Amino acid sequence: MMTDTDITSPVMDGMGPHGTKVGLLRVLGPAHVWALGVGIVLVGEYMGWNFAVGKGGAYAALIACWFAGILYTCVAMIDSEVTSTVAAAGGQYTQAKHIVGPLMAFNVGLYLVFAYTMLEAANAITAGYLFSVVATMTGHTGDLDQRPFIILVIMFLAWLNYRGVLATLTFNLVITAIAFVAILVLFLSTSGILGGGLMEHAALFEGHELPYGWIGVLAAMHFGLWYYLGIEGTTQAAEEVRSPARALPFGTLAGIMTLLIAATLTWYICSGVLPWEYLGDGVNGSVAPLFDTARLSGSNGLVWLLGFGTLFATLASANGCINDASRAWFAMGRDKYLPGWFGAVHPKYRTPYRSIVFLVPIALIFALGAPLDQVITFSILSGLLEYTFMPLNIIMFRKKWPLNSIKRGYEHPFHPLPALTLLTLCGITFFAVFLGYGTQLVAMIGFYIVVSLWFHFWRYRFVNRGTQFTMPWPKPQGY
Amino acid sequence: MAHYEPPKQSKASQLIDVVVLVVLTVGALFVPLWMGMAGAAKTVAEAVASPTWEALGQTPAQAAKYEALGYTPESAHDLILARFDYSFSVGALVAMVVVILLYYFLILRFSDVEYREVIAEKFGQK
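Those sequence lines, one after another, are chains A and B. Per my numbering, the first sequence starts with residue 3, numbered consecutively. Per my numbering, the second sequence starts with residue 3, numbered consecutively.
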C-alpha cells in the first residue's frame, strides 16, 4: 500500500521530531531554488573551467564539458527524485541518513560542508583578485592588498545569511540573472549574430587539436566538473521552500539546463577568441576567460559588463555556499552527529545562525592561507565523493522503497541507467584527478577514513537511534 | 530492540569534538602542502633559445591573438611550451583504487550495522 507523504507537514523532519519549536521559514519559490543552484555554479563559467583546456586542449575541454554535463544531468535526475520525497534541510545528508545509514550520512554531511566552504573560499580569493584588477583599471598604481576584500566578502555574505534566507536568495536571484545575461550578451556580440564576429575557431585550433592525445581528454574531466559543481545544492533549501515536491525538481532541472547552455556558450566564446595555451593557464594566463574575451572585443561596454558579471558570479556563488554549508552543518548538529549546540534556529530571523557564524573562520583559514588551485581541488574532491554516493543511494532507495510503496514528487526515468552512467563517469573522474592530484586524493580519503572511525567508535554514542528516522515512511523492505 | 538512551555530552566534551574535527580538516589540506607533495606543475621540456612565433609553433592567426593580449615571443615562451606530465606508475594507480574501495567498503559496512539498529528501534524487530 502506498503511504501518502506530505513533505511540508509541520510534524516531520525539521520541525517537531527534533524538539525545536521554531523551524526554518518556508518562504521560497522555484525561482529561488534555480537561483541557489545556478548562483553557486555560474562562477564556474567565469573562471576555473579553463583549467580543463590546459589539461587537454580546447576540444578536450568541450568533450569534458559535455561528459561532465551528462554526469550532472544524472545527478540532477537522481537528486530530484530522492529530494522530492526527502525534503529536509541537509539535503543529501538527510537522504543518506534515511536510506544508507548514519556513518554514510555523516560522511555525506562533511562532503557537503567542505565542498561548499572550499568553494566559498575560492570565490572570496577571486573576488579579492577582481577588486585589485578594478583598482588598477581605475588608476591605482602598485599592488593592492587583497586580504581585507576577502575578509569583507565573507563577513558581508555571512551577515546576509544570518539575517534571513529570503533576502539572501532574492539577492542571489538578481545577481545570478545579471551574470547569466552578461554571457548571452557577450555571445551575441562576438559570434557575428549582432555586428561583426570575432570567432576564429579553425585558425586557433590549427595544429593544437588534441595536444596531449586522448589521455588529455581524460585528464580534462577533473576540471570539467567545475562547469557545474554545486547544482546539487538546491536540495539544501528543502525545508524553506513553500512547495518542495514541485519546486525542488523544477528548480534543479531548470538549473542544469541553464548551465548546459551557459557552459557550451562559454566554451564557444572563449575558445574562439583566446589561444588554448593562454586560455588553459588559469594562474599565469587567463584568470577570468570571459572577461579576457571581452577585453579583446575592443568594446568598453562589454569589458565593464563582463567585469561586473564576474564579480556578481563570485558573490552569488559564495552566498549560496554559505547558505548550503550552514544548512548541512545545522542538520548534523540537530541530529547530534555534531555537538547539538549547532542545531539551533535563530528565534527572530529563523536561520541556522550558529552554524553560519562557526563556518566563517573556517572559510577564512582556507581563503587566506591556501593557494587557489588547492582549494578548488579540495572542493572538487569532496563533490566527487558525494556524486559517487548518489548512485548507491538511488539503487538502495528503489530497493528499500519501490515505486509503489511511497509517493514521490518526481520519478526519474530509465533507472538504473542514470545511476550506472554516473558511477562510470565518477570512476573516470577519479582517474583524471589521480593524473594530477593523486596525493591530495589519498590525503583526503585518509581524512575521511579517520573521521569515519572517530564517528563510529566515539561520536555516534550521543545520537538517538530510532528518532533520527523522521520520514513517515513504511519499514524498508528487507529489514 | 530496547530503546537506546544516549548519554548527555558535557560542554567541554562538545568543544573537544569540534576542535578534533577542525584540526583534522585543516591537516588534510595543509599537510600535503607542507610536505611539498601537492599539485601538478607544468614544465618546459625543451626551451627555444631565440623564440619566434614560428619556433613556438604558432600560426600567424594565433600569433596575432598573443600580440593583442600584449605578449611577445619571449614573454609567451613558458606559457606556450609548458606541458603536464601524465606518466604514472601502475603501482600508484592500484594503491589509489584500493584506498577508494576500502573507504567505501568501510563506510557501507559500518553504516549497515548502525542502520539495522535504527530500523529495529523505529519499526520493531522483523
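I should point out that these hints are in silico values taken from the structure, not numbers from a laboratory. Everything numeric in this text was worked out from a predicted model, so none of it was measured. C-beta: ideal position from N, C-alpha, C; glycine also. You may find that some hints are simply not true.
[What the hints assert, rightly or not] Facing chain A, from chain B, some residues (calculated, C-beta under 7 Å):
{"#": "1", "residue": "S12"}
{"#": "2", "residue": "L26"}
{"#": "3", "residue": "L58"}
{"#": "4", "residue": "A63"}
{"#": "5", "residue": "A66"}
{"#": "6", "residue": "E69"}
{"#": "7", "residue": "A70"}
{"#": "8", "residue": "G72"}
{"#": "9", "residue": "D114"}
{"#": "10", "residue": "Y117"}
[Claimed, not checked] Here are the simulated SDA-like cross-link-like pairs (lysine to any residue), alpha carbons at most 25 Å apart as the crow flies:
{"#": "11", "chain 1": "B", "residue 1": "K67", "chain 2": "A", "residue 2": "Y214"}
{"#": "12", "chain 1": "B", "residue 1": "K13", "chain 2": "A", "residue 2": "P363"}
{"#": "13", "chain 1": "B", "residue 1": "K67", "chain 2": "A", "residue 2": "Q376"}
{"#": "14", "chain 1": "B", "residue 1": "K10", "chain 2": "A", "residue 2": "Y481"}
{"#": "15", "chain 1": "B", "residue 1": "K44", "chain 2": "B", "residue 2": "Y88"}
{"#": "16", "chain 1": "A", "residue 1": "K477", "chain 2": "A", "residue 2": "D375"}
{"#": "17", "chain 1": "B", "residue 1": "K124", "chain 2": "A", "residue 2": "P363"}
{"#": "18", "chain 1": "B", "residue 1": "K44", "chain 2": "A", "residue 2": "V285"}
{"#": "19", "chain 1": "A", "residue 1": "K401", "chain 2": "A", "residue 2": "V285"}
{"#": "20", "chain 1": "B", "residue 1": "K124", "chain 2": "A", "residue 2": "L405"}
{"#": "21", "chain 1": "A", "residue 1": "K477", "chain 2": "B", "residue 2": "P8"}
{"#": "22", "chain 1": "B", "residue 1": "K124", "chain 2": "A", "residue 2": "V285"}
{"#": "23", "chain 1": "A", "residue 1": "K401", "chain 2": "A", "residue 2": "Q376"}
Structure-based check of all given hints:
1. S12: The hint is violated - S12/B has no Cβ within 7 Å of chain A, the shortest such distance being about 10 Å.
2. L26: For L26/B, the interface hint holds, since the closest Cβ of chain A sits about 6 Å away, which is under 7 Å.
3. L58: Hint on L58/B: violated, closest Cβ of chain A at ~9 Å, above 7 Å.
4. A63: 4 Å, holds
5. A66: 9 Å, violated
6. E69: 11 Å, violated
7. A70: 6 Å, holds
8. G72: With a minimum Cβ separation of about 10 Å from chain A (threshold 7 Å), the hint on G72/B is violated.
9. D114: Given a least distance of 6 Å, the restraint on D114/B holds.
10. Y117: 3 Å, holds
11. K67/B / Y214/A: 22 Å, holds
12. K13/B / P363/A: 21 Å, holds
13. K67/B / Q376/A: 30 Å, violated
14. K10/B / Y481/A: 30 Å, violated
15. K44/B / Y88/B: The given pair, whose Cα atoms are some 10 Å apart, holds under the 25 Å limit.
16. K477/A / D375/A: Violated: K477/A and D375/A sit about 45 Å apart, past 25 Å.
17. K124/B / P363/A: 38 Å, violated
18. K44/B / V285/A: Roughly 12 Å separates the two Cα atoms, so the pair holds.
19. K401/A / V285/A: 47 Å, violated
20. K124/B / L405/A: 22 Å, holds
21. K477/A / P8/B: Satisfied, since the Cα-Cα distance of roughly 23 Å is no more than 25 Å.
22. K124/B / V285/A: 53 Å, violated
23. K401/A / Q376/A: Distance of about 38 Å is beyond 25 Å: violated.
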